[in-house]
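Trainee: Here is what each chain is made of, one letter per residue.
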Amino acid sequence: MGRNTRTGIMIVVAASGVAAGRALVGAGRRHSRRSVTATGAGRWQVVTVNRPPAEVLPGGLWPEPLRRLDGAVEVQVGTAPGARGTELAARLRADGPPLPGLAAHLLGDDPALLVRRALRQVKQLAETGEVLRADVGPPDRPGDGGGFLPEVP
Amino acid sequence: MRALCWVGGDGLAVREVPEPRLRNTQDAIVRVSRSATCGADLPLLSPGDAGLGVGDVLGHEFLGEVVEVGPEVRRHRVGDRVVVCSVVSCGRCWYCRRGLYSCCDNGGSTEPMVAEPPWGEPAGGCYGHPRSAGGFAGSHAEYVRVPYADVGAFPVPDAVSDDRAVFASDAAPTGWLGADLGGVGPGDVVAVWGAGAVGQLTALAALLRGAERVIVVDRHDERLRMAERDIGVETLHYGRTDIPAELRERTGGRGPDVCVEAAGAGDGGTEARGFGQRLLGGARPTGSSLAVREAVHACRKGGTVAVLGAGPGFVDAFPLGAVLHKGLTVRGARQHGQRYIPMLLKLMARDEIRAERLATHRLPLEEGPRGYALFRERADGCVRVVFSPQERAG
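Heads up: the sequence lines are chains W and P, in that order. Start counting the first sequence at 1; every next residue gets the next number (full-length UniProt numbering). Start counting the second sequence at 1; every next residue gets the next number (full-length UniProt numbering).
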């Protein structure tokens, strides 16, 4: 927890109402007193982005794809120690709306996965400019059937 | 295009698969001229390893010609002859900036459910490996997509042949890493477990860094003779002598300053690759885990043990007390090739690394299944099989 107990400006932004999708940037992130359940619900999901806060959240706005979780999560931003860039944290709001459609269906048992994926994509976008895509593998090729590829004569 | 695919069990077959396409702006497409087998492939073909999907293309150690580049590729043009690091790394995360390319935050999968289960943290990607390593098709194919091409692809000097340069993709940087992790320097005595391609290149790296003596351990006579003849190192046969005792005797009772495990997993063992497999049991120690235990016992006090072995899983009965009481440093990593490849290509151009001798078998892609059988069994003196995907059998 030492990472989170440094003196600094903590920014908690719940993207709702007037503040929707906007975050302020502080020098550190303070650990929340909110309890964490045994399943991890309520726990902050965090990534460290090797870019300054102003580039992670240009204009203080939530970047995509985090913005799509508007209203469902709260966000903290802080400067990482040792010139490591920005600590970007998010967690589901206890009073937030349910996750949208398919995401809720797929991740119902662990909705934090959706938050982690969004954070990792924010990090990739900030560090490399794009989200790395996998190759189209056999299961993804329509009509391919995976193991039923034609054998080379 | 033709590609060597996993088709279930330990089965491999050459199949027709779609050609790769640019998927990101920093991608390149490479027409593969050489692609080598590697010990890291073998655990993927072990019974019970559910990492690959049927139809996935194997191979990660390769070079070829750039035939297409994405709009954000700056350092390569169509027609460039490049060797590509087997590890996919972004070059811009905190780890890459510090030269720890295989620890890259962005080179693997972005899917938490895929990337996190193996070892808790996503790491750099790899071609021809499970989706947790990014889901990048392998190089045993006519063409391959290269993500982050400016970071992972390197132009090959004219003086370096394809047969030599292909080893700059993975085996040579892994060997150099072993010596680097051990901090090998002038006057050191270095012991290397494993006389395969990585072990031999580790031994050579140790000599090039100034080691006074290098002793290579293996149980295959052909490989030991090769190491003696081609590199000029001492050798020990694993099955015919007490290795720690012999090493103490040869080092004035101290033990080697640096011990490098480069045995890999190729001797038929199957370490548990996850918690489930560990609980179910059935795993046997691999050459890698046995070598690490022996290295810990053999290393001199205050020395360093470097672990390179491909695909280690859970290793129990680890002599942790020896680490403590002897004050050892134990280090391990997948290769940080982007850090070493330009330097290794220069050494290759100066004939200081003649890696092509490790390609004991050169085969067309159609003979991929036979090539892997040779490689797995170490039959016919096989050290490495190198495929030429542009050549046709017959």
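For the record, the hints were derived by calculation from the structure and aren't laboratory data. Fair warning: this is a prediction, and the values are worked out from it, not measured in the lab. Check before you lean on any hint, since a few could be wrong.
What the hints assert, rightly or not - Simulated coverage check for chain W against chain P, where a stretch passes if three residues somewhere in it have a Cβ under 8 Å from a Cβ of chain P:
#	segment
1	61-67
2	72-79
As the list claims (entries may be wrong) - Facing chain P, according to a computed beta carbon distance under 7 Å, are these residues of chain W, among others:
#	residue
3	E55
4	R93
5	D95
6	R116
To be verified - Okay, the calculated beta carbon distance ranges per label pair:
#	chain 1	residue 1	chain 2	residue 2	range
7	P	A245	W	E55	57 to 67 Å
8	W	G71	P	D316	29 to 39 Å
9	P	G332	W	E55	29 to 39 Å
10	W	R67	P	R97	24 to 34 Å
11	W	E55	P	L324	43 to 53 Å
12	W	R133	P	R98	22 to 32 Å
13	P	D10	W	E55	40 to 50 Å
14	W	R93	P	E19	37 to 47 Å
15	P	R370	W	G59	56 to 66 Å
16	P	G332	W	P58	30 to 40 Å
17	P	V323	W	G82	41 to 51 Å
Glycine is no exception: its CB is placed at the ideal position from the N, C-alpha and C atoms.
Trainee: What hint numbers does the structure not satisfy?
Mentor: Result: hints 1, 2, 3, 4, 5, 8 and 17 break, sorted rising.
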